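Chains as they are written, first to last, in my numbering: chain A, -14 to 287; chain B, 3 to 795.
Some hints here could point you the wrong way.
Computed beta-carbon distance windows for the label pairs [to be verified]:
1. T83/A with Q288/B: 54 to 60 Å
2. R735/B with E13/A: 31 to 37 Å
3. S50/A with F487/B: 55 to 61 Å
4. C6/A with K277/B: 24 to 30 Å
5. E128/A with K277/B: 52 to 58 Å
6. P773/B with A100/A: 31 to 37 Å
7. E17/A with T485/B: 27 to 33 Å
8. L314/B with G166/A: 43 to 49 Å
Keep in mind the hints are simulated off the structure, nothing from the lab.
Small disclaimer: the values here were computed from a predicted structure and weren't measured.
The beta carbon of each residue, even a glycine, is placed where N, CA and C say it ideally should be.
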Amino acid sequence: MKNIILFISALVIIFFVSTSCEDDISSEVRLETSPELVVIDAWINNKPEPQTIQVNASQSYFDNSGLIGLSGAEVVVLDESGKQYLFEEGEQGAYIWTPTAGETFGTVGQNYALAVTYNGVTYGSVSSMNRVPPIDSITFRFEEANAFLEDSYFAEFWARDPVGAGDSYWVKTWKNEEYLGAPDQINIAFDAGFSQGGAVDGLIFIPPIRDAINPFEDEDGTFLSPYAVGDSIYVELHAIPNEAAFFLNEVRLQTDRPGGFGELFASPLSNVPTNIVASDGETEVLGFFTVSAVSSLGRRFE
Amino acid sequence: MQLLFAVFIFFFTLTLQAQEKVTISGYINDAENGESLIGATVFITNTQSGTLSNEYGFYSITLEPGAYQVEYRYLGYETIVRDINLTANQRIDLELGETGVELIEVVVTAEPEDINVSGVQMSTQKLDIQTISKLPSFLGEVDVIKSIQTLPGVSTVGEGASGFNVRGGSVGQSLVLLDEAPVYNSSHLLGFFSVFNPDAVKDVKLIKGGIPSRYGGRIASILDIRMKEGNSKKFATQGGVGTIFSRLALEAPIIKDKASFIIAGRRSYADILAKPFTDVLDDGAQLNFWDLTIKTNYNVNEKNRLFLSGYLGRDVFKFDAQQGFSWGNQTVTARWNHLFSDRLFANFTFFYSNYDYELSFGEDEFDRFDWDSQIRNLAFKPELSYFINPENKLTFGGELLRHEFEPANAVGVSNGESTDISTPAKQALEMAVYVGNDQKIGSKLDLQYGVRFSNFRLLGEGNEYEFDTSVPKGFRQPITNITTFDRGETIESYSNFEPRFSLKYQLDGASSVKASYNRMVQYIHLISNTTASNPLDIWTPSTNNILPELGDQVAVGYFRNFGEDNDIETSVELYYRKTQNQIDYIDGADILINKFLEGDLLPGDGRAYGMELFLKKNSGKLNGYISYTLARTELQVEGINNDDWYPTRYDQTHNFKVSLFYEPTERWDFSANFSYISGTPTTFPTTRFTVQDYVIPYINGNGRNNVRIPDFHRLDVAATLHGKKVKKNGKVRKNEDYWVFSVYNVYNRRNPFSIYFAQADEIPSDAAAIPTQATRVAIIGSIVPAVSYNFKF
Chain A
-14 MKNIILFISA LVIIFFVSTS CEDDISSEVR LETSPELVVI DAWINNKPEP
36 QTIQVNASQS YFDNSGLIGL SGAEVVVLDE SGKQYLFEEG EQGAYIWTPT
86 AGETFGTVGQ NYALAVTYNG VTYGSVSSMN RVPPIDSITF RFEEANAFLE
136 DSYFAEFWAR DPVGAGDSYW VKTWKNEEYL GAPDQINIAF DAGFSQGGAV
186 DGLIFIPPIR DAINPFEDED GTFLSPYAVG DSIYVELHAI PNEAAFFLNE
236 VRLQTDRPGG FGELFASPLS NVPTNIVASD GETEVLGFFT VSAVSSLGRR
286 FE
Chain B
3 MQLLFAVFIF FFTLTLQAQE KVTISGYIND AENGESLIGA TVFITNTQSG
53 TLSNEYGFYS ITLEPGAYQV EYRYLGYETI VRDINLTANQ RIDLELGETG
103 VELIEVVVTA EPEDINVSGV QMSTQKLDIQ TISKLPSFLG EVDVIKSIQT
153 LPGVSTVGEG ASGFNVRGGS VGQSLVLLDE APVYNSSHLL GFFSVFNPDA
203 VKDVKLIKGG IPSRYGGRIA SILDIRMKEG NSKKFATQGG VGTIFSRLAL
253 EAPIIKDKAS FIIAGRRSYA DILAKPFTDV LDDGAQLNFW DLTIKTNYNV
303 NEKNRLFLSG YLGRDVFKFD AQQGFSWGNQ TVTARWNHLF SDRLFANFTF
353 FYSNYDYELS FGEDEFDRFD WDSQIRNLAF KPELSYFINP ENKLTFGGEL
403 LRHEFEPANA VGVSNGESTD ISTPAKQALE MAVYVGNDQK IGSKLDLQYG
453 VRFSNFRLLG EGNEYEFDTS VPKGFRQPIT NITTFDRGET IESYSNFEPR
503 FSLKYQLDGA SSVKASYNRM VQYIHLISNT TASNPLDIWT PSTNNILPEL
553 GDQVAVGYFR NFGEDNDIET SVELYYRKTQ NQIDYIDGAD ILINKFLEGD
603 LLPGDGRAYG MELFLKKNSG KLNGYISYTL ARTELQVEGI NNDDWYPTRY
653 DQTHNFKVSL FYEPTERWDF SANFSYISGT PTTFPTTRFT VQDYVIPYIN
703 GNGRNNVRIP DFHRLDVAAT LHGKKVKKNG KVRKNEDYWV FSVYNVYNRR
753 NPFSIYFAQA DEIPSDAAAI PTQATRVAII GSIVPAVSYN FKF
């Protein structure tokens, strides 16, 4: 919702006074140094493919040299029955669990625990695999050109949130096999709506969410059609625990900085939460552990 | 009740004591247009004592019978001196003419104005609309809110931000009153322009400290804006065409010297100009903002006057006929001035104020989202001023204010299925009674003291929410219990005594020292967690979880005038303000359409202190003022910045401003405005880490506002060219007109508003090596020239 408002605000202000400007000042800014922390990027799901947990070191903010993987960690996920999923070390901090033929990770309704041991400290967390509804269809809708948009085709995915509040989802989209991974494309739903307090339950996902699978690119101030004949689209619906949805919401707040006039309405920079704790109770750790059940659907626009 | 009784006894005893004395009273108006003059001096030369006219131009002074010389003075106006042989009560209504205007009365040169030294009120600044109009402004639009930002003790988070911050108060801690009705959002276009039409504004007073007991409801400051009453002498028009607004104001007598009206409107017109050249505005799309101010008054008789004023304004931004966003304020004020006697002035005010916004999105009726929100007030405010004698003026009254909050009425329709996600409405009753006395003790010591007793009730129907407070501070508190209350039941109630005290001690004819203390209580809270406040921000009442905000301020000051005619005023003030129950937010707080909002709020304490210097030259071809503020504003909130104190986003160490006016000839005026402001605080990250291919910033040590953006400085200039006063044929022109040429940000500086950190737009194929960068944003990053044409006749 906030994005829509910022978008309107920006349009309005551009219409009246276009005077804001931005400069890249990365080379002038001096940041304080900080110690290297362990980062655990553990998002695993029930897709029939190898599951990866990444164990890295944090970097100074302007370090663009690529991830620093940590080697020599022990990574294991346990389910309620005590079954262990061992993640074996691969390259550059990747720890991988490979399913046997026909096997997938986890069962809906089960809780899972993560344990990562590195340098004598064990980092732990828990998550649960929640129910996910199927994506029934993907459709394309035509909209005539207007002041802000050329003649456009918008994609929408159709799925119905199961009755009962408390479900949350992460909608991930690929256009022509390219993942839409920009911070402003993070698409989160609480039940079928925007926020937990809102209580939109048991509905077909509301329009801003089912519409948020459209990538926007502008050319001279006009937005190009998100999809054209021949394009393919692939949507995954990840059922995630509430706290993972809050985490992604925070990630979006902290990484999708509006810039320009939008800075008037920016929130203060702050640290995103983590659900991982160190066994010694003091070592700081970053990252997040989430287990999700996934449904998906793809379509080519013809 | 006991308090009221005590007041009554006090008042009664004084009445008895003062039996044998006699009173001069009346109204003081402007000779040219009949507008009442607020704060005109009535001075008794024999006794060296005096009084000031009130907000309605009324004065009253009670003396022993005898012969007196009375002077009526107002800055920029000719002084009138009357010799009066006072044997019985006498009513003297008077009109003062602007300097240069011929009058039949005996005229002497204006006596030096020294109210800043001799008045008891400190931390108060008055700006008249003439000064406001002369200041260079952004895009040439005269702006009340931006002009008070040239005064000491006033800051903002930056250019383009709505509202203002006084002595460390947040935007929502200042009460903005338009003819006594609160205005909840004082901005057009998200903060670039203020909602007050300069053509309809008469007087602007900012009270930063030593706040009298008649004001309450906010803890930082009061901005009291009074509208013109309308010309009661003759029909007059003024208006203009600016870069943003076109304006027109009409005023006229309805019955000469008895009743008049003013109607003033403004509208942005960029959309009208653009219409022929673009199809943006077809299909019902709209982009405009406007306001309309209306006021009328009627002098029923010597004892009764009626006023009715209203404001209506709106910003409208629509993509097409069904989708868009709009917001605006509406206020209506009805007032009745009644003289119970020559010495007992009463005013009864009823007002209504409403702020609302609405948003609509959606392709058609099967897929829509409609959302609106509003805050409504209905109030009754009686106030009586009893002019006991020249040494005492007693003011007492009350306020009964009904608040109605509709935080969100929101209905989503998805594929034909509709869901109502509205949050419940809330209502509250705020009551206050107050008494205050202005007392002179001897010729040197003046006191102003009083107390306000306020009570706030959150009323049903509604819910009381209880939260799990064991959650670590800084995180969302889950709801544990909801209790429902019926209509009219009290859900929560708070009462407070708010003592107020000010003192002036005259050192000599040209200097004085002043001191003040005030406690203010605020029962309704602006919920805003963005850098600048925005139109979607809601107000919320105090509840069992949100305690009333309390503010205690002490201030001391030294005031001194220089020059033969006291035409140079200087002052230095020191203040310290301590606040409790200020509101901050958990990270990722969900403040819109959230029933359980209270679980996302964090209470904290605040402290603000500083020094304000002010130097003003009132007369001469070159005049103007200089403000300097050295200040610190900090908050301490459990759950933020490791529970340590941190500076607010509008904390500015040095804030230096110069406003100069130069009037070399009759036809040309020049003005300039320079500001130098220390960089405001912001938060820089230290570290990056990657989760699911998103590069996330991390602040080692989890600090808030740990660095400062570079300093801000800017120069604006304006030149006014007045039309010729005399026609070619030698006749005097009936109408006046003038052009204003202004340049904002003369040396084209990209003043930083903020610095933000984000991953670069391009995502490389190796997502692991996503570049990160720091970007500096300037809101108005270039030189902005503007021209406007204005007329008056």
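Exercise for review: Starting from the hint list further up, note which numbers the structure goes against and sort them upward.
Suggested key: Violated: hints 2, 5, 7.
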